[in-house]
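J.: Read in order, the letters of the sequence shown are residues 2 to 86 in the numbering used here.
These are calculated hints, taken from the structure and not from any lab test. Be a bit skeptical, because a hint or two may be false.
Below are the DMTMM-like pairs computed for lysine to aspartate or glutamate, each with C-alpha atoms no more than 25 Å apart in a straight line [to be verified]: (1) 2 with 20; (2) 64 with 13; (3) 82 with 61; (4) 2 with 13; (5) 82 with 13.
Pairwise CB distance ranges (calculated) [said to hold, decoys possible]: (6) 4 with 82: 34 to 42 Å; (7) 69 with 4: 17 to 25 Å; (8) 46 with 2: 46 to 54 Å; (9) 10 with 38: 20 to 28 Å; (10) 64 with 10: 25 to 33 Å; (11) 75 with 46: 15 to 23 Å; (12) 69 with 20: 14 to 22 Å; (13) 64 with 22: 33 to 41 Å.
For every residue, glycine included, the Cβ atom is placed at its ideal position computed from N, Cα and C.
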Amino acid sequence: KVNMPHLQNMVDNGVVFTDAHSTPLCAPSRYVLLSGNYQHRGYFYGGTWKVNYKSGQFLDGQKSIAEVLRSNNYHTSMAGKWHLG
């Protein structure tokens with residue numbers, strides 16, 4: 002048995018997704034997965050398709066799962082397509 006206190010804390014105190022929905026389009030789906038919000042709750046109703054757009058899809062104050070994990074001493078990285086601004 003391996004002791005993983007941070008992971009166990011997430012299991013004990015985290016959110017369980019039981020009825021999640023997404024879009025069949027790539028950029029809006031990435032926003033849904035990274036933010037935990039439906040794509041229409043971002044800056045652009047249909048999702049972000051503009052690379053390096055000044056505001057991106059995330060609204061001011063919205064955090065990605067990576068930011069939430071980083072604030073709890075986790076290290077994250079990203080590889081692959083972005084298209085979220």
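J.: None of the hints should be skipped; say for each whether it holds.
T.: These are the hints, each one checked on the structure:
With a C-alpha separation of about 31 Å, the suggested pairing of residue 2 with residue 20 is violated against the 25 Å cut-off. In summary, the hint linking residue 64 to residue 13 is supported, as the alpha carbons are separated by about 21 Å, within the 25 Å threshold. Distance restraint check for residue 82 and residue 61: the Cα-Cα separation of roughly 22 Å lies within the 25 Å cut-off, and the hinted pair is therefore satisfied. Only pairs whose Cα atoms come within 25 Å are accepted, and residue 2 paired with residue 13 is accepted, the gap being roughly 18 Å.
Taken as a hint, the residue 82 and residue 13 pair is broken in the structure, with Cα atoms around 32 Å apart against an allowance of 25 Å. Separated by about 36 Å at the C-beta atoms, residue 4 and residue 82 satisfy the suggested range of 34 to 42 Å. At roughly 23 Å, the beta carbons of residue 69 and residue 4 sit within the given window of 17 to 25 Å. Between residue 46 and residue 2 the CB atoms are about 47 Å apart, so this pair conforms to the stated range of 46 to 54 Å.
One distance hint, 20 to 28 Å for the beta-carbon pair residue 10 and residue 38, holds here, with the actual separation near 23 Å. Hint check: residue 64 to residue 10, Cβ distance near 18 Å, so the stated range 25 to 33 Å is violated. Restraint check, residue 75 to residue 46: a C-beta distance of roughly 31 Å breaks the suggested window 15 to 23 Å. The hinted window of 14 to 22 Å between residue 69 and residue 20 holds, with their beta carbons roughly 21 Å apart.
Hint check: residue 64 to residue 22, Cβ distance near 21 Å, so the stated range 33 to 41 Å is violated.
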